[in-house]
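Heads up: the protein sequence lines correspond to chains A and B, in order. According to the working numbering, numbering within the first sequence proceeds without interruption in unit steps and concludes at 114. According to the working numbering, numbering within the second sequence proceeds without interruption in unit steps and concludes at 112.
Worth double-checking, as some hints may not be accurate.
[Claimed, not checked] Calculated pairs, DSS-like style, for lysine-lysine (alpha carbon to alpha carbon, straight line, at most 25 Å):
no.	chain 1	residue 1	chain 2	residue 2
1	B	Lys99	B	Lys49
2	B	Lys99	B	Lys22
3	B	Lys58	B	Lys99
4	B	Lys22	B	Lys111
5	A	Lys70	B	Lys99
6	A	Lys57	B	Lys99
Just so you know, these hints were derived from the structure itself, not from any lab. Everything numeric in this text was worked out from a predicted model, so none of it was measured.
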Amino acid sequence: DAGITQSPRYKITETGRQVTLMCHQTWSHSYMFWYRQDLGHGLRLIYYSAAADITDKGEVPDGYVVSRSKTENFPLTLESATRSQTSVYFCASRTPWGSITEAFFGQGTRLTVV
Amino acid sequence: AQSVAQPEDQVNVAEGNPLTVKCTYSVSGNPYLFWYVQYPNRGLQFLLKYITGDNLVKGSYGFEAEFNKSQTSFHLKKPSALVSDSALYFCAVISNTGKLIFGQGTTLQVKP
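This is chain A alone, in the form it adopts within the complex (with noise of 0.2 Å):
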């Protein structure tokens, strides 16, 4: 099915354990997204890719590294998973500046780090 795809949808995990969401997209858009979403912050930027193998630092980039050998995928890993990483993540695509489009979302990854 086309579209963008998260997973696990749910997660727990304990503290100090590395743990990998994943993201796929079947558009083939170049860019690529990854937030968190906290109550009171609203939706921040983690990193961001422009295109395979480019990668860039968004808001909160700390305890998190990112991946994207291939275009469709951008996984987000948490090298030592702290409670303050307990959050949803979400992952997003769009195409590139010559034709902006709206960035289409993946319904969320819930991960709780207890």
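Fit chain B to the supplied structure of chain A, relying on the hints for placement.
Here is chain B on its own, set in the frame of chain A:
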């Protein structure tokens, strides 16, 4: 710094009345502006966008937004609110580096 501000955490309106959700922005160059809506436990849904052209943009579900360059604003409007419009609304802008930056969000509460 490029940013988006939504000055109201919550907007309350009676069903049938007009609604406005405010958004101001700060970007270098031409602004590319968006409104999204989020229903409980759901992802974000696109409502409308301003890229260029008419200052009044029409979008989904009867929503519209007015772009005002001099006031650097992009307020979301609807002539007659529905209870089902109650949700969390986000304004967003694309920065000159391609980042999609969001405001803090405004909760819209429409009461019957």
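Taking the hints in turn, this is what the structure says about them:
1. Lys99/B x Lys49/B: holds, 16 Å
2. Lys99/B x Lys22/B: holds, 21 Å
3. Lys58/B x Lys99/B: Roughly 24 Å between the alpha carbons, so the hint for Lys58/B and Lys99/B holds.
4. Lys22/B x Lys111/B: holds, 19 Å
5. Lys70/A x Lys99/B: With Cα atoms ~19 Å apart, Lys70/A and Lys99/B stay inside 25 Å; holds.
6. Lys57/A x Lys99/B: holds, 10 Å
Every hint from the earlier list agrees with this structure, and none is contradicted.
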